[in-house]
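With the hints as constraints, model all of the structure from the sequences given.
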Amino acid sequence: MFTSTMAGYDRAITVFSPDGKLFQVEYAVSAVKRAPPTIGIKTKEGVALIAKKRMLSKLMEAESVEKVFRIDEHIGAAMAGLYGDARVLVNRAREESQSNRLSFKEPITTLLLTRRLSNLIQLFTQNAGVRPFGVILLIGGIDDSGPSLYMTHPSGAYYGYKAVAVGAESDRINEVLEKKYREDLSLDEAIKLGLNCLKEVDKEELTSENVEIGLIRIKDKKFKKLGREEIGKYLKMVS
Amino acid sequence: MFTSTMAGYDRAITVFSPDGKLFQVEYAVSAVKRAPPTIGIKTKEGVALIAKKRMLSKLMEAESVEKVFRIDEHIGAAMAGLYGDARVLVNRAREESQSNRLSFKEPITTLLLTRRLSNLIQLFTQNAGVRPFGVILLIGGIDDSGPSLYMTHPSGAYYGYKAVAVGAESDRINEVLEKKYREDLSLDEAIKLGLNCLKEVDKEELTSENVEIGLIRIKDKKFKKLGREEIGKYLKMVS
Amino acid sequence: MFTSTMAGYDRAITVFSPDGKLFQVEYAVSAVKRAPPTIGIKTKEGVALIAKKRMLSKLMEAESVEKVFRIDEHIGAAMAGLYGDARVLVNRAREESQSNRLSFKEPITTLLLTRRLSNLIQLFTQNAGVRPFGVILLIGGIDDSGPSLYMTHPSGAYYGYKAVAVGAESDRINEVLEKKYREDLSLDEAIKLGLNCLKEVDKEELTSENVEIGLIRIKDKKFKKLGREEIGKYLKMVS
Amino acid sequence: MFTSTMAGYDRAITVFSPDGKLFQVEYAVSAVKRAPPTIGIKTKEGVALIAKKRMLSKLMEAESVEKVFRIDEHIGAAMAGLYGDARVLVNRAREESQSNRLSFKEPITTLLLTRRLSNLIQLFTQNAGVRPFGVILLIGGIDDSGPSLYMTHPSGAYYGYKAVAVGAESDRINEVLEKKYREDLSLDEAIKLGLNCLKEVDKEELTSENVEIGLIRIKDKKFKKLGREEIGKYLKMVS
Amino acid sequence: MFTSTMAGYDRAITVFSPDGKLFQVEYAVSAVKRAPPTIGIKTKEGVALIAKKRMLSKLMEAESVEKVFRIDEHIGAAMAGLYGDARVLVNRAREESQSNRLSFKEPITTLLLTRRLSNLIQLFTQNAGVRPFGVILLIGGIDDSGPSLYMTHPSGAYYGYKAVAVGAESDRINEVLEKKYREDLSLDEAIKLGLNCLKEVDKEELTSENVEIGLIRIKDKKFKKLGREEIGKYLKMVS
Amino acid sequence: MFTSTMAGYDRAITVFSPDGKLFQVEYAVSAVKRAPPTIGIKTKEGVALIAKKRMLSKLMEAESVEKVFRIDEHIGAAMAGLYGDARVLVNRAREESQSNRLSFKEPITTLLLTRRLSNLIQLFTQNAGVRPFGVILLIGGIDDSGPSLYMTHPSGAYYGYKAVAVGAESDRINEVLEKKYREDLSLDEAIKLGLNCLKEVDKEELTSENVEIGLIRIKDKKFKKLGREEIGKYLKMVS
Amino acid sequence: MFTSTMAGYDRAITVFSPDGKLFQVEYAVSAVKRAPPTIGIKTKEGVALIAKKRMLSKLMEAESVEKVFRIDEHIGAAMAGLYGDARVLVNRAREESQSNRLSFKEPITTLLLTRRLSNLIQLFTQNAGVRPFGVILLIGGIDDSGPSLYMTHPSGAYYGYKAVAVGAESDRINEVLEKKYREDLSLDEAIKLGLNCLKEVDKEELTSENVEIGLIRIKDKKFKKLGREEIGKYLKMVS
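Chains as they are written, first to last, in the working numbering: chain A, 1 to 239; chain B, 1 to 239; chain C, 1 to 239; chain D, 1 to 239; chain E, 1 to 239; chain F, 1 to 239; chain G, 1 to 239.
Read the hints as simulated data drawn from the structure, not as lab findings.
Don't be surprised by glycine CBs; every beta carbon is placed ideally from N, CA and C.
No false leads were mixed into what you were given.
Computed footprint of chain C on chain D; a stretch qualifies when at least three of its residues, placed anywhere within it, have a C-beta under 8 Å from a C-beta of chain C:
1) 10–24
2) 29–37
3) 50–60
4) 85–97
5) 117–131
Okay, structure coming up:
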């Protein structure tokens, strides 16, 4: 990598390196890796999004920092990376979702929403004067095709997952997920699996303050974020 | 940091460094660190904003330099960093606030105002041809959710706090705040805590000229800036 | 190449090198070479598009990553390279196709569709502020002129083929194709030829998850993507 | 040349070198020189355009790559250089031609068409943000002034010729043309002369697949491209 | 400073240095320091603006170079720095002032005018394609809040002063002002103080040609520029 | 010159060198010097424009390359430099001329036409994103003020001449012209003088193919280009 | 100067050097210094503008190169520097002048005209994508305030003068002017003084061809340019 970066191929989003890389996109992924991890797990019962938050100070208000967002009644998202960049995408997601309801009188599918966001993200990898988004979203929702979980990538690609982690230590968490994930997990077990992963990679104790959980169950198809007490109960189970 | 900055990753807001940093945003934070400290403290009784001002000359008119601003009847803000940049944000804050009253016939919430400003700040971190805002705002207000205190960050992120300091020596002040802050502080005690913090980090004597204080009490929900005499009384209490 | 790249001729799409090369276009081809291979084969019975997908994790949902796309009833496409870039072209292809039906009340020909996409691709090689598309599409369809198979090139050129591979190891696969291709192949034999090529160049076992197949037969002129079972049957035949 | 290119005068179309050169235009000519040769010959009977094509693979469909184009009933063109760039000019040529028929109810003259295209080409040599066209067109047509043959140059100049070759080995072919060309050649003799030139400079055997011929005869004033059989007959004559 | 400037942080207004400086703004201040000094003094009787002019030649017409400007009946300004830049701000000041009279049927306050100009100045510190204003204005006026004196800063900040000097030797003059300024100065004494300061820092003799004086008295609230004779009288008093 | 060019002052039209030069304009003049010479001579009888053309090949059609242009009935122009750039100016000249006839019902004067073109040329020396015109026009015409001959300069200046040469060897030709020119030359003698100058500086034999002559006589005030026979006659006279 | 220029502070108009200089403006002044001198002298009788022209060739038509321009009946201007740049300003001056007559039914004052032009000139020192004007105008006129003489500066400043020279050797001429200028000069004496200055600094003999004189007398307030005979008479007086 030495030569290529020295030669400046990584200074602009509109420049490929000789081996066909877009370094600025790869560096945007590095920005995500600097942030605390976020995990998404899909089961037959629904989708859970679990995010670890970094408390900058004991006096910070945990609730003020959101990593898990309700996009529409039936879709939620969790982010890792730059908060400001995430908000741009979340705002756009809500607009796309509303606009679908207005135009077609029906909720947007999780896949279509993911694709629309990814189209926006791709634009920021091919045009001068901007930088790629330094954020990854995990988008979970339930529609006619059942529960689904997608990951947006700073390159404009997106991928569906049964379970996936992004952010710091995501490689280690993903290894654990690959070992422990079972198709027949209940959503509660999925949440506990996610929390156990977070515990394993981070010395800082998990609390109902530095953990955020959002979930959507197939039985009511409503995405909701858990309150402190609920999070506390899950934490107790994994302690 | 040596290699990265030498390689020029810190010359444009639209360029990530290989380790995923936006150096220009970090340097904007440095611009804030060069300015005298500003403190925000939230208690059950309301929110206090306390700012230290640097007098460039004995003949400077202290009142002419504002670091604490009334945004709307129920919201105020205090800044640290570049005055000119702060004014852009304060002007925008007032417009957002008025526009909310016009459109929805009700005062804007402190959180929504903070988010709107942060959306603007984020734009200045992703588009070529501009630089990030070299200023941090502490926004304090009271709405249906009670008192709240937010800090905008040059990256476009924002954070809620019980108490926080920004600007020169903010690390030392924040340590003190973490030790001394109690949920059951009265607003008067909060102001005294803030002034004591300022005293500790700065040799220059605090006067009713080089200190600005703004506060909003839950009982009347009106943000007001203290006059010289009032500030003088508080200063006497901590001397 | 050393001198030319050192001299910076490869930093912008609007700059020729002294020997008349557009390096950024060549690097876009490198981006395609980094991706798993995609193969198109045309026979008298129709056209088959076969794509190998890289599974980033065992928990990735294979179906979520599309390399083969239905463009219109009578045309499909397969891609190798950047997913986000491919989607831009696929979206445009669908629009061109619909617009042809609306304006002329008849399906677009495969050649005209290819030419329209290539015109767009060329624009991204002559104007500042963008980069070339880091993707190659194989476009297969059936119209009045019979079955046809085209490859778009990041330079804005396009080529018709009887059979062709793009992406990683495409040189080796193309050698095999040149040896084994016969005009009188049945479409089933063509698919088996393609799968055998993929097997030869990649250690990873082919599964109905990491292979995508799309085909259009002259008898019904409908492009369809094969389901897992169908793919499984073909894989069994070549194992 | 060393010093000038080292000093960067060849990095932008809007920069002259100290000795008054536009290097980017000269490099665009180099791009043309990388492509297989194209020949135009004008006789009293009409104009012939003969182009050699490079087959990238035995499985490439020769017909899919066009180097000779019908522009209007009475005008054709042959290209050497970048296919995508050629298509931009050919599309424009067809538009200019149609627009002339619409506005003036008569076919455009070969000279006027050449001049219009060259005006477009010149624009790409004087404005920032683009690169010159990496292609040369030979334009042959018949109008009231009889048969004519023009060559467009990447600088925006154009030249009329009795016979001319562009692309790889064009210097050697032009030498032969200068020796062998006679005013009283029949069009058939002209085609044979062109094919003999191609044979001389290229080891690869000429076939009805890798040669394209377009011609327009004074007797019917209709530009047409020869089919494989017709090309085959001419090839037999020169073998 | 060596490293930072060598590294190019001072080449564009849109780039912060690692320690949070906007070098181009600091260099704009240097442009002001190259110009002869300008002094503003506020007393209970009103405001005086005193400017030293550099005579480029004995044949220059002193009156043709203005450093003190009437903005509106009740406000004046004095500048140090680039004349052309000053004129842009003075023109804008007059427009803002007129526009306030038209919209609100009342004179603009000195503070509001200063803020409006500073907003313009700030824009030139955050957007690419421009440079900061290389000028400082001292703005003096009288409104309902009494006499006031403001200084605009190239960063977009502004400060109120009792007395202040800008331009060459302003540090030395400001030291003298701090020593000699008394709240109960008469406006005449203020002018004499200003002239004495100018005498002290400049060997060149003060004349009614190279000194400009503007003043506004609380008793009539009309800003006026002194004529040569009046200036001559003051000069006699301090000789 | 070494230091200045090394320092990059010659890379952009919008940059002066320390000694006040616009190098890009000077290099545009170099582009003209690379082209075969063009001569203009004014006598009491009218104006003659004589241009030498470089034949790229024996098979080039001499007529296809124009260096002398009829602008309007009473004005002609001859160029040296880049053909494409010349055409831009000639097209504009014809438009200006027509537009004058339309607006004022009278022919444009030679001086006004020259000034309008030079205004366009100047724009290309002061604005970024373009390069200067690499061409010089000699404009000859007859209007109420009699015959006149102007030269446009790439800097946007223009000059009137009795006789002048531009292009290759123009210094030597101008020396000859200064010696041999007499006010009382007939137009025929002027043409012979011009042809003799061309003969002297160029080894290549002058022919009716590689020489172009345009002239306008005061007796009919119609600019016309000479045909081959006419040119042949003049060539015979000077052989 | 070495370090600053080496560091590139002089490459763009939008960049200050560390010591507050705009090098591009200073280099524009160098462009003026390369041109032959132009002198303006104001007396009680009126204003005289005297310009030396450089004859590029004995065959150049002296009249075709104008350095002195009539702007309006009562105002004239003389230039030194780039002819093309001067024409832009002169054209603008005439428009401003006409527009004043149309809007206010009265002639524009010399000062207002000068200020308007200087506002335009200033724009070219603060915005990217252009260069400063490489020209200085001396503007002489008579209005209600009597005769006046102004000099525009490439920085956007302007200065009034009793007498001033710009261009080559202007420093030496200005020294002479300072010595010899008297308030009670007649306009004839002023012209002779100017011509004597030109003689002193330039070896080339002054002739009625290479000198231009424009003047406006208070008695008729009409700016006129002297004809050759009139200039000849003055030249005889100073020989």
